[in-house]
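J.: Line by line, the protein sequences give chains S and A.
Position 64 of the first sequence, counted from 1, bears residue number 64 in our numbering, the numbering being contiguous throughout.
Position 209 of the second sequence, counted from 1, bears residue number 209 in our numbering, the numbering being contiguous throughout.
Any given hint might turn out to be false.
No more than 30 Å apart at the CA atoms, straight line, and that leaves these computed lysine-lysine pairs for DSS-like [as the list claims (entries may be wrong)]:
1. A:Lys96 x A:Lys78
2. A:Lys96 x S:Lys172
3. S:Lys172 x S:Lys96
4. A:Lys78 x S:Lys96
Bear in mind the hints are in silico, worked out from the structure with no lab data behind them.
These figures come from a predicted structure and were not determined experimentally.
Protein chains: 2
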Amino acid sequence: MTMRLVLSALSGLPLIRPGDDLVELVRRGLVSEAITLVPGDVIVLAQKVVSKAEGRLVNLAEVRPSEAAIQLAGEVGKDPRLVEVILSESREVLRKRPGMIIVEHRLGFVCANAGVDHSNVRGEGGRPEDWVLMLPADPDASARRFRERLAQRTGVEVAVLVIDSHGRAWRKGTVGVAIGVAGFPALVDLRGRPDLFGYLLQSTEVGLADEIAAAASALMGQADESRPAIHVRGVPYPLRDGSLSELVRPTGEDLFR
Amino acid sequence: MTMRLVLSALSGLPLIRPGDDLVELVRRGLVSEAITLVPGDVIVLAQKVVSKAEGRLVNLAEVRPSEAAIQLAGEVGKDPRLVEVILSESREVLRKRPGMIIVEHRLGFVCANAGVDHSNVRGEGGRPEDWVLMLPADPDASARRFRERLAQRTGVEVAVLVIDSHGRAWRKGTVGVAIGVAGFPALVDLRGRPDLFGYLLQSTEVGLADEIAAAASALMGQADESRPAIHVRGVPYPLRDGSLSELVRPTGEDLFR
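The following block holds chain S by itself, in its conformation from the complex (with noise of 0.2 Å):
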């Protein structure tokens, strides 16, 4: 039997605005694509859509900077009411450079910015430039509410992981991880079983939601949001529940802080 992984971009989304029902939009895309879910398949969603859908919009004009935001902004060369937002989403600054400031998220893994992003967002009034995004609150609340909700739906269960794109230490470009997990195993632990010789695999343990993710975010491209969600079938492996935490090296384990 052919093993096959097969990504297939939900089409028709519209452009999200908070409030909007992405379950009964994703239901829809998967219908106008003549998808019937079955269990193991896997609805992967732009983080973008998810915060949008939830209303994680700060318009920048109603934001007043803490000290500490005006003076990061002056090293980095940020907007200060941008850099409070971003602060206000993180634990720790942990490196910054002009541009460029990167960030242990409230949520607990690494990345530029907090995730606060200025493109393809516009809220409701004011300055359209003014408006940013924020992840959403609890990504992995946000997957369950949608499993369940598409499940009521459809009556099938099936395996959610949220998405975004996140830079990596040593390896130039970004690429799609997970941040938000229902239904799905984030990680893999291959330990102790045996190769093909009967040699006890050591250390294996693979990021499968991230791989997921990354599969999805190259099928979903990145300068429009014209594919935001993504159906996945074939992954090779059982699926139970998962979330976020298992991917998140604790910082004492974590040698390149």
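Chain S is fixed; fit chain A onto it per the hints.
T.: Relative to the frame of chain S, chain A by itself:
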């Protein structure tokens, strides 16, 4: 039109040994999956089968560890002969702790144990457990040769990626990454493209080769090599030639050493 990214495992590849004709084995795998190559397709090869076909096996019984290797082996609790091989493949040891050596590989990227691996490796003669496998000498060249020879036999120039599984600084779990690239844009630069509202994207470089590597890695599995070659169709970016060097962050730009 439905946008789809389809990854197919090429079945029927035998255990690879030095001198094996990987191009012919992949060609047969494509035939048995009824896949006719078209321009834009990608063949993703696990590093291990490339390295094995190229004879990159080392018998530790023939390795004489240096003083430096003996000392480092004591610190991390590894076989000094294995550490000698690791050091011979490395430019610099970045971190060490019991059971783990993280290096800058001579190819420029950062990885554990210089990619030298025990699992699923057996050479001819000696004690089975003494054989280890190094990465290909020049994975970009391996990818280019594979691409040329496959084009000679099929008439179609596809893109080729040689991939390995690497750990990450801040996230748990390994993910597939490209270590050899031919006919594929390792990095896609979206800077300057307008977003949906005309705002210019400022700093989006996508690690496309790594995203496709991660996707293929998810389908390959990790515990064995029954699926070491993956055919990919539907990458939604124009292809061009590329190389590993696009993905390696120069030391001077690396904020996390």
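J.: Each hint should be assessed against the structure and marked as holding or not.
T.: Results of checking the hints against the structure:
1. A:Lys96 x A:Lys78: Given that 30 Å is the threshold and the Cα spacing comes to 11 Å, the pair holds.
2. A:Lys96 x S:Lys172: 24 Å, holds
3. S:Lys172 x S:Lys96: OK: S:Lys172 and S:Lys96 at ~17 Å, within 30 Å.
4. A:Lys78 x S:Lys96: Roughly 37 Å separates the two Cα atoms, so the pair is violated.
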